[in-house]
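Numbering (the numbering used here), first residue to last: 38 to 355.
Hints may be right or wrong, so weigh each one.
Cut-off 25 Å, straight-line C-alpha distance, at most; resulting in silico cross-link-like pairs (DSS-like, lysine-lysine) [stated by the list, open to error]: (1) Lys267 x Lys303; (2) Lys280 x Lys102; (3) Lys267 x Lys102.
These are calculated hints, taken from the structure and not from any lab test.
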Amino acid sequence: MKLSLSASQQIRPSLHIPSTSSQLLRHGQPKEKVVVVLGVTGAGKSRLSIDLATRFSAEIINSDKMQVYQGLEIATNKITDEERRGVPHHLLGVADPESDFSTAEFRAMASISLRSILRRRNLPIIVGGSNSFVEALVDANFRSRYDCCFLWVDAAMPVLASFVSDRVDRMVERGMIEEVRAFFRSNADYSRGIRRAIGVPELDEYFRVESECDEETRARALAEAIDAVKVNTSRLACRQLEKIHRLRNIRDWQMLHLDATEVFRKRGGEAEAVWNSVVAGTAEAVVSRFLYDSEPVVYGGVMSMRSGARPLLEATAS
Numbered sequence: 038m039k040l041s042l043s044a045s046q047q048i049r050p051s052l053h054i055p056s057t058s059s060q061l062l063r064h065g066q067p068k069e070k071v072v073v074v075l076g077v078t079g080a081g082k083s084r085l086s087i088d089l090a091t092r093f094s095a096e097i098i099n100s101d102k103m104q105v106y107q108g109l110e111i112a113t114n115k116i117t118d119e120e121r122r123g124v125p126h127h128l129l130g131v132a133d134p135e136s137d138f139s140t141a142e143f144r145a146m147a148s149i150s151l152r153s154i155l156r157r158r159n160l161p162i163i164v165g166g167s168n169s170f171v172e173a174l175v176d177a178n179f180r181s182r183y184d185c186c187f188l189w190v191d192a193a194m195p196v197l198a199s200f201v202s203d204r205v206d207r208m209v210e211r212g213m214i215e216e217v218r219a220f221f222r223s224n225a226d227y228s229r230g231i232r233r234a235i236g237v238p239e240l241d242e243y244f245r246v247e248s249e250c251d252e253e254t255r256a257r258a259l260a261e262a263i264d265a266v267k268v269n270t271s272r273l274a275c276r277q278l279e280k281i282h283r284l285r286n287i288r289d290w291q292m293l294h295l296d297a298t299e300v301f302r303k304r305g306g307e308a309e310a311v312w313n314s315v316v317a318g319t320a321e322a323v324v325s326r327f328l329y330d331s332e333p334v335v336y337g338g339v340m341s342m343r344s345g346a347r348p349l350l351e352a353t354a355s
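Model the full structure from these sequences, guided by the hints.
Next comes the structure, spelled out in structure tokens:
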């Protein structure tokens with residue numbers, strides 16, 4: 038497998054984490070801190086991770102199974118250079134698209150990236166929709182070495198489904214069809230590598246028939262393929278949500294629940310204001326407490342951090 042460990046090279050202010058944590062390693066030193074951002078596709082995980090990274094001098098480790106591969110930037114909805122706002126990203130577009138990037142490989146490479154981030158005295162933020170990758174990492178003796186703050190960006194499914202549908206239309210406008218066409222092979226194996234990404238199998242039938250049918254039939258085949266992409270993306274979101282509930286309710290992961298539903302219902306400046314107050318503002322307050330006043334408190338299954346100020350949980354749902 039061809040892999041690249043390159044990340045944006047830039048000078049960033051170091052993160053000072055006081056050694057006051059009650060969670061200590063055997064030799065008496067405090068555990069180092071890691072933030073994990075969970076959520077279904079389209080909920081706003083990447084946006085929140087960038088907001089936090091610019092606030093706390095952090096670097097981001099991608100945990101999305103498809104975004105780890107090189108190529109298909111539009112179809113896999115990779116964050117753009119502009120959207121990254123100078124924040125270094127790891128494990129984003131590093132794997133050979135023809136190979137299978139395994140859970141074990143993710144765990145090994147994420148651990149390397151995490152240690153390098155901490156050596157630079159920056160905060161690691163793990164973000165992505167592949168909860169099985171995150172679970173495998175965290176369950177591999179991870180919490181014996183690190184304190185984790187789990188943030189769950191959520192939104193009502195009917196509202197999110199409408200957003201996802203519109204997002205697919207925007208991806209098509211940006212050139213997703215031609216991008217996927219470059220990966221089309223008549224004998225392709227859609228069970229391996231990047232061809233498992235939503236959008237690739239769905240467009241396969243269209244590519245097979247487009248040169249053999251009239252314009253009306255071709256347009257209908259394309260519309261059906263795009264509809265299939267929307268349906269399968271919504272189904273993916275449902276599966277991701279089920280996994281998050283399992284991690285929370287069965288594996289007992291304590292998460293801060295950030296409900297972004299109103300962000301999707303608003304437009305323009307109103308949406309921005311809701312995001313900043315309900316989602317980003319609450320998350321920043323909790324991460325600040327996690328880093329500098331780090332005693333966890335749970336309210337009805339929702340995690341916050343203890344401090345002299347009252348808990349900022351009015352914007353969360355239990």
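Can you give the numbers of the hints that this structure goes against, from lowest to highest?
none
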